[in-house]
Structure formats: C-alpha cells, structure tokens
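Undergrad: If you read the sequences in order, they're chains W and G. Just so you know, our numbering puts 145 at position 145 of the first sequence, and the rest follows in order with no gaps. Just so you know, our numbering puts 421 at position 421 of the second sequence, and the rest follows in order with no gaps.
What the hints contain is simulated information worked out from the structure, not anything from laboratory work. Watch out, some of these pointers could steer you wrong.
To be verified - Taking lysine-lysine pairs in the BS3-like style, the calculated list, with each CA pair at most 25 Å apart, reads:
{"no.": "1", "chain 1": "G", "residue 1": "K328", "chain 2": "W", "residue 2": "K107"}
{"no.": "2", "chain 1": "G", "residue 1": "K24", "chain 2": "W", "residue 2": "K140"}
{"no.": "3", "chain 1": "G", "residue 1": "K87", "chain 2": "W", "residue 2": "K140"}
{"no.": "4", "chain 1": "G", "residue 1": "K328", "chain 2": "W", "residue 2": "K27"}
{"no.": "5", "chain 1": "G", "residue 1": "K87", "chain 2": "W", "residue 2": "K89"}
{"no.": "6", "chain 1": "G", "residue 1": "K92", "chain 2": "W", "residue 2": "K146"}
{"no.": "7", "chain 1": "G", "residue 1": "K87", "chain 2": "W", "residue 2": "K146"}
Just so we're clear, the structure is a prediction, and the values are computed from it rather than from any experiment.
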Amino acid sequence: MNTEIRDNILQDIREYLGDDLLELNMKQTYPLLLIPRKRIHDTCRFLKNTLHFAYLNEIIGADRFTSEDRFEVIYHLVSLRDRWRLFVKVLVDEEQPLLPTVSDIWKSANWNEREVYDMFGIRFEGHPDLRRIFLPEDFKYYPLRKEFPLLGVPGSLEMPNTTPDHD
Amino acid sequence: MELEKKISRKKPTYFREHQEALYKSLEDKHATVEVDKSDPLTTRMTLNMGPQHPATHGVLRVLMELDGEVITKCRLDTGYLHRGIEKMAENKTYQEFMPYTDRMDYISPYSNNVALCMAVERIAGIEIPERASYIRMICCELARISSHLLWLGTMIMDAGALSYFLWTFREREKIYDIFDEVTGHRFTVSHSRIGGVNNDFTPAAVEKIRKFIREFPDELKGWHKTLDRNRIFVDRNSGVGAIDHEEAIAIGLAGPSLRATGIAYDIRTFEPYLHYADMDFVVPTRTEGDNLARYYCRMEEMAESVRIIEQCFDKMPEKGPIRVDDAKKSYPSKDEVYYSMEGLIHDFMMTDTGVCPPAGAESYHAIEAPKGELGFYIQSDGTGHPWRLKINSPSFSNLQGLETILDGEMVADTVVLIGGMDPVMGDSDK
Numbered sequence: 001m002n003t004e005i006r007d008n009i010l011q012d013i014r015e016y017l018g019d020d021l022l023e024l025n026m027k028q029t030y031p032l033l034l035i036p037r038k039r040i041h042d043t044c045r046f047l048k049n050t051l052h053f054a055y056l057n058e059i060i061g062a063d064r065f066t067s068e069d070r071f072e073v074i075y076h077l078v079s080l081r082d083r084w085r086l087f088v089k090v091l092v093d094e095e096q097p098l099l100p101t102v103s104d105i106w107k108s109a110n111w112n113e114r115e116v117y118d119m120f121g122i123r124f125e126g127h128p129d130l131r132r133i134f135l136p137e138d139f140k141y142y143p144l145r146k147e148f149p150l151l152g153v154p155g156s157l158e159m160p161n162t163t164p165d166h167d
Numbered sequence: 001m002e003l004e005k006k007i008s009r010k011k012p013t014y015f016r017e018h019q020e021a022l023y024k025s026l027e028d029k030h031a032t033v034e035v036d037k038s039d040p041l042t043t044r045m046t047l048n049m050g051p052q053h054p055a056t057h058g059v060l061r062v063l064m065e066l067d068g069e070v071i072t073k074c075r076l077d078t079g080y081l082h083r084g085i086e087k088m089a090e091n092k093t094y095q096e097f098m099p100y101t102d103r104m105d106y107i108s109p110y111s112n113n114v115a116l117c118m119a120v121e122r123i124a125g126i127e128i129p130e131r132a133s134y135i136r137m138i139c140c141e142l143a144r145i146s147s148h149l150l151w152l153g154t155m156i157m158d159a160g161a162l163s164y165f166l167w168t169f170r171e172r173e174k175i176y177d178i179f180d181e182v183t184g185h186r187f188t189v190s191h192s193r194i195g196g197v198n199n200d201f202t203p204a205a206v207e208k209i210r211k212f213i214r215e216f217p218d219e220l221k222g223w224h225k226t227l228d229r230n231r232i233f234v235d236r237n238s239g240v241g242a243i244d245h246e247e248a249i250a251i252g253l254a255g256p257s258l259r260a261t262g263i264a265y266d267i268r269t270f271e272p273y274l275h276y277a278d279m280d281f282v283v284p285t286r287t288e289g290d291n292l293a294r295y296y297c298r299m300e301e302m303a304e305s306v307r308i309i310e311q312c313f314d315k316m317p318e319k320g321p322i323r324v325d326d327a328k329k330s331y332p333s334k335d336e337v338y339y340s341m342e343g344l345i346h347d348f349m350m351t352d353t354g355v356c357p358p359a360g361a362e363s364y365h366a367i368e369a370p371k372g373e374l375g376f377y378i379q380s381d382g383t384g385h386p387w388r389l390k391i392n393s394p395s396f397s398n399l400q401g402l403e404t405i406l407d408g409e410m411v412a413d414t415v416v417l418i419g420g421m422d423p424v425m426g427d428s429d430k
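Whole structure, please, built from the sequences with the hints as guidance.
TA: So, in structure tokens, the structure goes:
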C-alpha cells in the first residue's frame with residue numbers, strides 16, 4: 001500500500017485528537033497511539049466510522065507493574081480497505097480499573113473485553129455480559145497480574161473428588 | 001434408600017458461582033428470534049451440551065435455550081483447557097516457550113512454531129536464510145493440509161458419514177510420516193528455531209513430500225466427486241449457519257469462516273511474510289457464508305497449498321544455511337557445539353539467556369494459520385523473557401462468532417456448525 005494513504009490516515013487522527021494524542025510511536029512495523037482514557041470510546045467510533053477500521057482483531061491487556069497507571073489496554077484494529085493495522089493504547093490506573101466498553105462499536109469486543117477482565121481485573125463499563133471467560137467465577141484472583149505466582153494459589157479453586165466414595 | 005442418598009449427593013457443588021452466573025447470563029441474553037407463542041406444541045427447555053461431548057472437538061460447553069427444535073439463544077462456556085500459557089511465556093526464554101506453542105493448536109503445530117519464531121524475529125530484528133524460509137513455507141502448507149484434513153473428516157462424521165474420517169486419516173498419516181522424517185516427531189514437531197529451522201530436509205524427506213503432493217490432488221478430486229453433489233451432505237450444510245460479510249466482520253470471524261462470507265482477508269496476501277509474495281496462488285472465497293461455503297473454501301485451500309509447495313520446490317535454493325550464523329541471534333549448529341569451545345559457550349548462552357530484543361520494544365506479527373490469523377504481540381523489557389506475550393488465536397475469534405451464529409439455528413445443526421467452524425480448544429483457551 002502506498003505511503004500517501006497512510007500519511008493521510010495519520011494526519012486525520014492527529015487532527016481529530018489534537019493535544020489528546022499523547023504519543024505516536026512509529027518505531028515498530030505498525031503505528032501505536034497513546035490516548036487518554038476518556039477519549040477511547042469516541043476515538044474508537046471515529047476510527048471505525050470515518051477511517052474504516054472495521055475489524056477489531058483483539059484487545060490486549062498488559063501489566064506494567066508501576067505505581068501509577070499500572071495497566072495498559074491495547075486495541076488492535078485492522079482496516080481491510082487500506083490494508084493496514086493500528087494499535088491504540090490507553091493506560092488504566094490500579095485504584096480504579098475501569099474503562100468504557102467498545103462492544104457497542106465492535107461486537108467482537110465482547111469476548112476480548114471479558115478476557116482482559118478475567119486476566120487483569122479491568123472492568124468495562126456498559127459491557128453487556130461481563131463474566132470471566134476462562135476461569136470460573138469462583139476464582140478470586142487475576143492471574144496475569146505480575147504479583148500472581150506462577151504456580152498458582154493452593155486451595156483457590158475447589159476441585160471435584162477424585163475418589164468415588166469420598167464424602 | 002442407600003442409592004437415593006448417593007444420587008442426591010452427586011449434585012455438582014463446586015464452582016457454584018460460576019454455574020449460577022452462566023445460567024443467569026443465558027437468561028439475560030437478548031433473544032434475536034421471534035417465536036410463535038400460539039403454537040401449542042412449543043416446548044421450552046434449556047439444554048447443556050458438553051464439555052465432554054465427542055462433537056465439540058475437545059472441551060467446549062454449549063448452553064442453549066430451545067424452543068422446540070430451534071435454539072432461541074445460546075452461550076458458550078470455554079476455559080476447560082485453560083493452561084495459562086501466556087503466564088508461562090513470561091517465565092521462559094523465547095526459545096524455551098516455542099515447544100509450548102505446539103500444544104496450542106495441536107492440529108497444526110508447525111504453523112504455531114513458525115508464528116512465534118517470526119514474531120520474535122521481527123521484534124529482535126533477525127533475518128532468516130532463504131532456504132530456511134522455504135522449508136518453513138513447505139511445512140506450514142503441509143500443516144494446513146493436515147489441519148483441513150482433520151476438519152474434513154470430523155465435520156463429515158458430524159454430518160453422518162463415517163468413512164471420510166478413515167480416508168482423511170489415511171492421508172494425515174502420510175503427513176505424520178513426512179514430519180517424522182523432517183523433524184523427528186510425528187505430532188508435536190517443535191522444528192522451527194528463532195533464526196531458522198532445526199535441521200535441513202533429508203533426501204528421503206524431499207522424496208516423501210514430492211510423492212505426497214503428486215498423489216494428494218487425486219484423493220482430493222475423489223472427495224470432491226463424492227461430496228459436491230451429494231444430496232444428503234448438501235442438504236445438511238447448505239444455508240446452515242449463514243452469515244453475511246458485514247456481520248462476519250462485526251463479530252470478528254477469522255480464516256476460512258471469514259473468507260466464506262466474501263472477505264478475502266488472508267495474511268499471506270494481506271501482508272505477505274516469508275516468500276508468499278513470489279508465489280502464484282489464489283485465496284478461495286465464497287459469498288454464501290454458510291457451512292457449505294466454508295467447506296468449499298477449505299477444500300480449495302488444500303489444492304492451493306499443494307500448488308504452493310510445488311512452487312517452493314522450484315524456487316528453493318539447492319543448498320544453503322538453514323539458520324542464522326550469528327551466535328547472538330540463534331543456536332549454533334551441533335557440529336560447532338560438540339567440537340569447539342566457543343560453540344559450547346554460545347549454546348549455553350542461548351539456552352540460558354537467549355535472544356534479547358531491545359527494551360521497551362512492542363511488536364506484532366501474524367501468520368495465516370490453517371484456522372485463521374495467528375498473531376503474537378510481544379512486549380520486551382530487554383531481557384531474554386518476554387514482559388508480555390499475547391496470543392491472538394483464530395479459534396477464539398471463531399468461537400465468539402459461533403455464539404452469534406448458533407442463535408436461531410436448529411439444535412440438530414449444532415454439531416455440524418461446530419464442525420464447520422473448526423475450533424480447537426487448545427488454541428482458544430490458551
């Protein structure tokens with residue numbers, strides 16, 4: 001794909017976000033935007049409706065293990081028309097791990113947000129069905145946080161009896 | 001009396017909150033189907049299928065509410081095969097983690113190895129030798145054929161014909177033999193290395209692959225003959241689970257399921273990796289978006305894979321290195337390790353620390369695995385372990401779509417639809 005269209009897309013994003021575009025990282029193969037929490041919902045809507053990033057590929061959660069803005073959530077978008085990928089990053093604080101949902105913009109955000117919630121405990125406001133996706137609801141920890149031990153927490157999950165005549 | 005006591009005690013008491021939340025979520029789900037309430041024979045029931053059910057291809061649990069024979073709404077419960085391999089990845093070096101990827105999509109382990117190694121090569125800036133990339137391509141395409149063969153056998157078995165399972169497994173057995181000859185393992189191959197592959201093709205392996213691609217198209221033709229116009233098969237699949245392209249993008253389908261709706265989204269052409277840009281092949285698409293369209297897409301993909309392998313053999317350099325000759329980027333060859341001091345030190349360093357991408361780097365690389373886009377998002381902190389490694393697995397995306405597709409279908413079509421989507425729970429549950 002020619003660079004002109006890509007430059008236009010980036011220009012549109014710059015114009016739309018203005019000062020709220022905190023960082024535009026072009027060091028890797030795909031651009032990585034850093035935007036504030038409060039702009040994530042309308043930016044996503046803008047990217048989908050105006051710039052044709054119609055396909056939400058995945059939502060990535062990560063734990064930076066810092067005292068401020070501990071978690072980051074990265075939205076991986078694909079433009080099928082312009083054959084390009086875009087990564088949009090927001091930082092989430094540990095005290096208030098809350099983000100607006102984008103499942104009303106892309107339906108496919110549903111399970112991806114559930115996965116981030118399951119692994120990091122970041123809640124998505126307005127999500128239609130925010131349950132854990134891999135682990136059972138009875139599990140009280142968030143395993144991909146850095147403080148969670150690799151071997152797990154003994155006794156954190158009640159397991160079925162292995163002996164048939166056990167009370 | 002004794003017996004009654006025993007039976008009543010057998011109620012599942014564990015994971016109670018999880019069970020309650022799941023059933024409540026099914027209650028809350030917005031029903032998309034208008035049901036004729038005036039029909040006196042309508043019976044409402046909640047049906048729980050799996051996780052131990054042979055047609056769910058592993059441990060998928062489907063919870064559905066039925067109105068007669070129609071599924072009014074359904075929920076999928078995944079996670080029964082969750083092993084936390086993303087957490088494991090954070091505690092292993094990149095090369096140590098590679099064998100774990102075999103266990104993700106265990107139907108096509110070679111693709112997973114290549115996907116991880118290429119993601120690490122991108123973030124660490126490693127270029128692999130030409131011959132290695134052709135070996136990767138050939139084996140990836142063999143893995144694609146192998147995966148689609150399993151899909152074909154089991155999907156048609158779900159639709160009621162048992163013999164295809166035996167025929168496709170006879171062909172899969174040949175691919176196992178090829179992998180045995182190439183890599184030393186039949187199933188979990190672990191052949192790809194960061195910076196190349198483990199070992200070169202032997203002449204016997206080349207002969208086996210050439211024999212396979214010579215004979216396989218005839219088999220494929222035979223299956224086309226018996227299935228394409230097979231009344232039972234077509235009736236069972238045509239119009240079942242149909243979805244249009246806008247909905248397919250919205251719910252994030254991947255791979256052949258997405259291409260069956262008319263979107264030619266294939267990473268091999270979307271952003272060519274290895275030498276796919278030099279290859280002459282087409283991306284099969286259909287526009288119907290139903291289960292029959294998915295069948296045609298996958299069948300044609302197998303034929304295209306054979307074409308790609310033929311072209312690879314034509315363009316592949318006869319001789320050449322199969323791994324980067326740089327001790328900081330890749331394992332030294334075994335000859336070096338056994339007969340030189342430096343080789344031994346480098347081997348130790350690679351095992352102990354391994355490849356160290358620059359600190360703060362974040363990178364994504366995807367390949368077209370048999371089931372769709374398989375990508376790895378890696379965040380590096382400058383050590384030999386990834387800080388965060390996120391797997392973008394195609395089965396996860398497809399299962400999410402399945403939850404929407406199943407709404408409004410007949411309950412008897414559930415197994416065919418799961419078969420047509422071709423999920424692998426090891427891939428989806430991570």
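Undergrad: Now tell me if each hint is right for this structure.
TA: Hints and how they fare:
1. K328(G) / K107(W): violated, 44 Å
2. K24(G) / K140(W): holds, 19 Å
3. K87(G) / K140(W): holds, 17 Å
4. K328(G) / K27(W): holds, 22 Å
5. K87(G) / K89(W): Status holds; Cα separation ~21 Å.
6. K92(G) / K146(W): holds, 14 Å
7. K87(G) / K146(W): holds, 9 Å
Hint compliance for this structure: hint 1 is the single one not met.
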